[in-house]
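Student: Following the hints, position chain B against chain A.
Protein chains: 2
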Amino acid sequence: MIAHVYIELKKGVADPEGENTKKALQLLGFDGVRDVRTIKVFRIELDELDEDQGKRKVEEMCEKLLANPVIHNYRIEIG
Amino acid sequence: MIAHVYIELKKGVADPEGENTKKALQLLGFDGVRDVRTIKVFRIELDELDEDQGKRKVEEMCEKLLANPVIHNYRIEIG
Chain A
935 MIAHVYIELK KGVADPEGEN TKKALQLLGF DGVRDVRTIK VFRIELDELD
985 EDQGKRKVEE MCEKLLANPV IHNYRIEIG
Chain B
935 MIAHVYIELK KGVADPEGEN TKKALQLLGF DGVRDVRTIK VFRIELDELD
985 EDQGKRKVEE MCEKLLANPV IHNYRIEIG
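Going line by line, the protein sequences match chains A and B. Position 16 of the first sequence, counting from 1, maps to 950 under the working numbering, and the rest follow consecutively. Position 56 of the second sequence, counting from 1, maps to 990 under the working numbering, and the rest follow consecutively.
With the rest of the complex left out, here is chain A:
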């Protein structure tokens, strides 16, 4: 089973990498770049076959390791 975990910074949390990427794009002459935000994705390959059980497992991984609930929102996609 493949799970993709999308980890995003919550609204209002500074994203310096996104900010700097925006500045760099502007310096390179790209006009009209209003905003750049970064999202981190983990592609996890699991032995688990049951979709619901796999999703629960990955949710636990997010809570224990992958995401920081103070600053992150996360979303899991299976398959």
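No lab work stands behind these hints: they were computed from the structure. This structure is a prediction, so every number in the text was calculated from the model and none was measured. One should not assume that every hint holds.
Unchecked claim - Dumping the calculated PhoX-like pairs for lysine-lysine here, alpha-carbon to alpha-carbon at most 25 Å:
no., chain 1, residue 1, chain 2, residue 2
1, B, K989, A, K956
2, B, K974, A, K944
3, A, K998, A, K945
4, B, K989, A, K974
Said to hold, decoys possible - Stretch-level coverage of chain B by chain A, calculated; a stretch enters the list once three of its residues show a Cβ under 8 Å from a Cβ in chain A:
no., stretch
5, 953-967
6, 973-983
7, 996-1008
Stated by the list, open to error - Pulled a few chain A residues facing chain B out of the computed Cβ check, cut under 7 Å:
no., residue
8, A958
9, L962
10, G966
11, V970
12, V975
13, F976
14, I978
15, E979
16, L980
17, K998
Every residue, glycine too, gets a C-beta built ideally from N, C-alpha and C.
Tutor: This is chain B only, laid out in the frame that chain A set:
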């Protein structure tokens, strides 16, 4: 217009962050984690309204700044 740029390491390119995440998950007691790979996503908000033109612009951004063709594959999603 919103564009999402997915930047992945090419097959065969080492992903130390993914490797270490896998090890950490195993140490935390998660069984059956076969592989973990990381993907970087840029969410770019553009003033551009024309989809084709926006996509071409973002492709140029990838070539000039966001992706390294030696080690990365990238994919752009509009909307």
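Student: I'd like to know which numbered hints this structure contradicts. Please list them from smallest to largest.
Tutor: Hints that this structure does not satisfy do not exist here, as all of them hold.
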